[in-house]
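K.L.:
Chain by chain, the residues run as shown.
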Amino acid sequence: MSRMLFRRSLFGLFTLWIVSIVVFLATQALPGDAAQAILGREATPERLAALRAQLHLGGSLPEQYFSWLGHVVTFNMGSSLASGNPVVDTIGPMVLNSTVLMFASAVIAIPLAVVIGTWSALKKDTGVDHVTGVVTLVLASLPEFVVGVLLVLLLSTGLLHLFPAVFVQIPGEHVWTHPDQLVLPVLTLVLAVSPYIIRIMRATMLEVLDSQYVQQARLKGLPEREVIWRHAIPNAIGPVAQVIALQLAWLIGGVVIVEYLFRFPGIGFELIDSVTNRDLPVIQALVIIIALFYVIVNLLADVVTLAVNPKVRTAQ
Amino acid sequence: MNAPRRPKTLRTLTATLLAAAMIGLAGCSSAPGTSTAAVNSTPKDGGTLRVGIVGGSAKDSLDAHSPVTHPDEARVIQLYETLATYDVNHKVEMALADKITPSADAKIWTVHLRDGLKFSNGKPITANDVIFTFKRITDPKAPMAGANAFSALNRDGLKAVDAQTIIFPFKTPFATFPDTVAQYSTGIVPVGYDPKNPVGSGPFMMKDFTAGQQSTFVKNPYYWRKGEPHLAAVTIIDFPDDTARVNALLGGQVDAIDQLPLGQINIVKANPALKVLESATGSWVPFTMRVDQPPFNDPKVRQAFRLIVDRKQMVEQVLGGHGTIGNDLYAPFDACYAKGIPQRSQNIAKARQLLAEAGKTNLSVDLVTSSAAAGMVEAAQVFAQQAKAAGVTVNVKKVDPGEFYGDKYLQWNFSQDFWFTRDFLPQTAASGFSNSPYNETHWDNKAWSDLVNKANATVDMTARCALIQQAQQIEFNDGGYIIWGFPNSVDAYSAAVQGFSPDKSGIPLTSFGFRSVWMNK
Numbered sequence: 000m001s002r003m004l005f006r007r008s009l010f011g012l013f014t015l016w017i018v019s020i021v022v023f024l025a026t027q028a029l030p031g032d033a034a035q036a037i038l039g040r041e042a043t044p045e046r047l048a049a050l051r052a053q054l055h056l057g058g059s060l061p062e063q064y065f066s067w068l069g070h071v072v073t074f075n076m077g078s079s080l081a082s083g084n085p086v087v088d089t090i091g092p093m094v095l096n097s098t099v100l101m102f103a104s105a106v107i108a109i110p111l112a113v114v115i116g117t118w119s120a121l122k123k124d125t126g127v128d129h130v131t132g133v134v135t136l137v138l139a140s141l142p143e144f145v146v147g148v149l150l151v152l153l154l155s156t157g158l159l160h161l162f163p164a165v166f167v168q169i170p171g172e173h174v175w176t177h178p179d180q181l182v183l184p185v186l187t188l189v190l191a192v193s194p195y196i197i198r199i200m201r202a203t204m205l206e207v208l209d210s211q212y213v214q215q216a217r218l219k220g221l222p223e224r225e226v227i228w229r230h231a232i233p234n235a236i237g238p239v240a241q242v243i244a245l246q247l248a249w250l251i252g253g254v255v256i257v258e259y260l261f262r263f264p265g266i267g268f269e270l271i272d273s274v275t276n277r278d279l280p281v282i283q284a285l286v287i288i289i290a291l292f293y294v295i296v297n298l299l300a301d302v303v304t305l306a307v308n309p310k311v312r313t314a315q
Numbered sequence: 000m001n002a003p004r005r006p007k008t009l010r011t012l013t014a015t016l017l018a019a020a021m022i023g024l025a026g027c028s029s030a031p032g033t034s035t036a037a038v039n040s041t042p043k044d045g046g047t048l049r050v051g052i053v054g055g056s057a058k059d060s061l062d063a064h065s066p067v068t069h070p071d072e073a074r075v076i077q078l079y080e081t082l083a084t085y086d087v088n089h090k091v092e093m094a095l096a097d098k099i100t101p102s103a104d105a106k107i108w109t110v111h112l113r114d115g116l117k118f119s120n121g122k123p124i125t126a127n128d129v130i131f132t133f134k135r136i137t138d139p140k141a142p143m144a145g146a147n148a149f150s151a152l153n154r155d156g157l158k159a160v161d162a163q164t165i166i167f168p169f170k171t172p173f174a175t176f177p178d179t180v181a182q183y184s185t186g187i188v189p190v191g192y193d194p195k196n197p198v199g200s201g202p203f204m205m206k207d208f209t210a211g212q213q214s215t216f217v218k219n220p221y222y223w224r225k226g227e228p229h230l231a232a233v234t235i236i237d238f239p240d241d242t243a244r245v246n247a248l249l250g251g252q253v254d255a256i257d258q259l260p261l262g263q264i265n266i267v268k269a270n271p272a273l274k275v276l277e278s279a280t281g282s283w284v285p286f287t288m289r290v291d292q293p294p295f296n297d298p299k300v301r302q303a304f305r306l307i308v309d310r311k312q313m314v315e316q317v318l319g320g321h322g323t324i325g326n327d328l329y330a331p332f333d334a335c336y337a338k339g340i341p342q343r344s345q346n347i348a349k350a351r352q353l354l355a356e357a358g359k360t361n362l363s364v365d366l367v368t369s370s371a372a373a374g375m376v377e378a379a380q381v382f383a384q385q386a387k388a389a390g391v392t393v394n395v396k397k398v399d400p401g402e403f404y405g406d407k408y409l410q411w412n413f414s415q416d417f418w419f420t421r422d423f424l425p426q427t428a429a430s431g432f433s434n435s436p437y438n439e440t441h442w443d444n445k446a447w448s449d450l451v452n453k454a455n456a457t458v459d460m461t462a463r464c465a466l467i468q469q470a471q472q473i474e475f476n477d478g479g480y481i482i483w484g485f486p487n488s489v490d491a492y493s494a495a496v497q498g499f500s501p502d503k504s505g506i507p508l509t510s511f512g513f514r515s516v517w518m519n520k
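Note that the protein sequences, when read in sequence, are chains Y and B.
For the record, in the first sequence the residue sitting at position 24 is 23 according to numbering that gives the first Met the number 0, with numbers rising by one throughout.
For the record, in the second sequence the residue sitting at position 419 is 418 according to numbering that gives the first Met the number 0, with numbers rising by one throughout.
Mixed in with the good hints, there may be bad ones.
[What the hints assert, rightly or not] Some chain Y residues close to chain B (C-beta under 7 Å, calculated; not the full set):
id, residue
1, Leu24
2, Ala34
3, Ile37
[Stated by the list, open to error] Label pairs and their calculated CB-CB ranges:
id, chain 1, residue 1, chain 2, residue 2, range
4, B, Thr109, Y, Arg51, 35 to 45 Å
5, B, Ile473, Y, Ala48, 27 to 37 Å
6, Y, Pro44, B, Asp291, 58 to 68 Å
7, B, Phe417, Y, Asn84, 52 to 62 Å
8, Y, Ile107, B, Ala272, 25 to 35 Å
Think of the hints as simulated: they come from the structure by calculation, not from any bench.
Positions of the beta carbon are idealized from the N, C-alpha and C atoms, including for glycine.
Could you put the whole structure together from the sequences, leaning on the hints where they help?
P.N.:
If you want it as structure tokens, here you go:
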């Protein structure tokens, strides 16, 4: 198993390298450069020339790319072209904020979805099961920003006035200082991520409950509780772990739109801004972090699948 | 109504959803306007105003002379005071200066500062600071936003006569000097000014600033206007997204927002706790035709295009009626504006005839547009519809703002742009001459230039107005702009906020005039 992990990690690194090249080329294909993006309409030729010199823009494509790569290998992400601050200082707080948001969403969504999915499977074809089925289907088909807007209307600006609709952070405070501001973004992400997990959990659970080993356990007279916890759930969780991983990976993308909607100061918010500014060092750093997250989540999913599957776990 | 079809972007879709649902909710809400308490006319001191402003980004800056984002404009107006400024009717009034006087040929201007002026650190504001400010703006190595307007300034000849008097010499006559020093990007800063430590002359001074997020400013105790500012502090919060900005106002997280989206105006009006601030302005969103390129190098084609536009329909559909129609001339609030020229209106038959005379029947042109300013894309789409009637095919090409203002900006053959309210002469300096920085239409007309140069050198108002009106007549006949209307600026604020009033500048929230605002709480 450790050999497989090593192979996967190497492959992950290779993926990151490919991503860095693709993103580099994509940002080069965007019309205009950082100096133009910063000055916008104020970009008279004299001001452009002065700012380009100040930002050290220029050099051939491979030159720029390898100079950036060389810095990354030594953990120097460079400085933001837009603000002049080191990239690490710029995106550090953003990464932390997004992590808080995603972690809170995942910690709520995953256990909740697994429980609801299992429950729905056990109550197959009852009213509870049908309601869950319809609700998850509707939620799964709505884009997350629609869910977010509806939540704002219901809980913030329209019907009820329970939670703030946007995130306003006082400088120097942490995002969790005002937990009421986190409610709506977290709830949006939970509602966006849970339906898939619930549905796959239910389907897998039904399959497992129909299987011969569960029948066998029941025939042996084991209590139903033990049948489910010892025999059914461990076998159902393998495929579900893969779906959870996909959903977590989706979270980091979905977070872009949700952060924009709620004005949450995280990586999504920062990414949109840095693309508008053609702020190459920041874009590169953010995309590498997002890609790294994908790679790690997928690796973890593989580990979980292996850990709960004795056949693979014990194989040489 | 035959509304223009808009792209279903995320933003418009969310806004539409929000609007639809809000109207439904407002309909069944049971709180009829609890009559707003009688307006208390004595300002109260203290309190914090929280303002949500469009845009903002990591590139935000506090540099007095180089505001790059929209919230930057709001910030420099709080931090730095100019020599002169505009009142709400867009007339120049004195600010830090109490007298600005020209020589007979308008080549030498003398500025006299008020008594007892101080910077936010308590040091006096002197002639040397003024000279430092304008040398910084016009530094040839790092020219600032206002540099172009001062291209005729003989910067080595700037001279302090005494601690309160400065002489500004120009290479050519410059009758509009007071306008130029009333622009918000010419705020006075102390000698040795560093934007990292923004010592200023404005009503507020910096407390904290996070680019792309928010900034807080506190009362400047040394501000020169008696009794102002009333507020103890102002917090400016960046909002790149329209929906979030409106939600923040509805949810009470901010007290005022600029640029209320059209779809939200009626919702806010229906809410007794909120008020709408609507101002007629002289800002314009023209179509720009390059007069040096086919097909627009033929004046007949330009005239035909101007006759194609149904201006009333434009204002109705693009601005939801929140605007006034234009007559292909800018600077409607200029005292010299040519009011005598009859209003041009749609005439498809005449347009077809002109196109036929120019040999351009079945003309097909590309119109490059971008969501760089509100209403641009919609105006392009409405124009494309209107042009069909005259047998002209207009292909609307939408590009992102980065590309729009990129390498090809000012090179597009048929495109758009936007401008805030300006008087005629400052506007011509920005866009009318072959060496102007933003001459989108490549207008280069000898007779016109002579008239405008003469006007620039004419201090007598009546004589100057006559010259300006002749120049406007030339532009009305042959110019490359299609100026179909002037959008109103529409902002919104909580009923507890007092002191905002309509303002013609086009700069939101009474030109971000937070110094005269107070909280009635």
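K.L.:
Against each hint, give a clear statement of whether it holds in the structure.
P.N.:
Status of the hints after comparison with the structure:
| no. | hint | result |
| --- | --- | --- |
| 1 | Leu24 | violated, 17 Å |
| 2 | Ala34 | violated, 11 Å |
| 3 | Ile37 | holds, 5 Å |
| 4 | B:Thr109 x Y:Arg51: 35 to 45 Å | holds, 38 Å |
| 5 | B:Ile473 x Y:Ala48: 27 to 37 Å | holds, 34 Å |
| 6 | Y:Pro44 x B:Asp291: 58 to 68 Å | violated, 19 Å |
| 7 | B:Phe417 x Y:Asn84: 52 to 62 Å | violated, 31 Å |
| 8 | Y:Ile107 x B:Ala272: 25 to 35 Å | holds, 33 Å |
Checked against the numbered hints given earlier, this structure breaks hints 1, 2, 6, 7; the rest are met.
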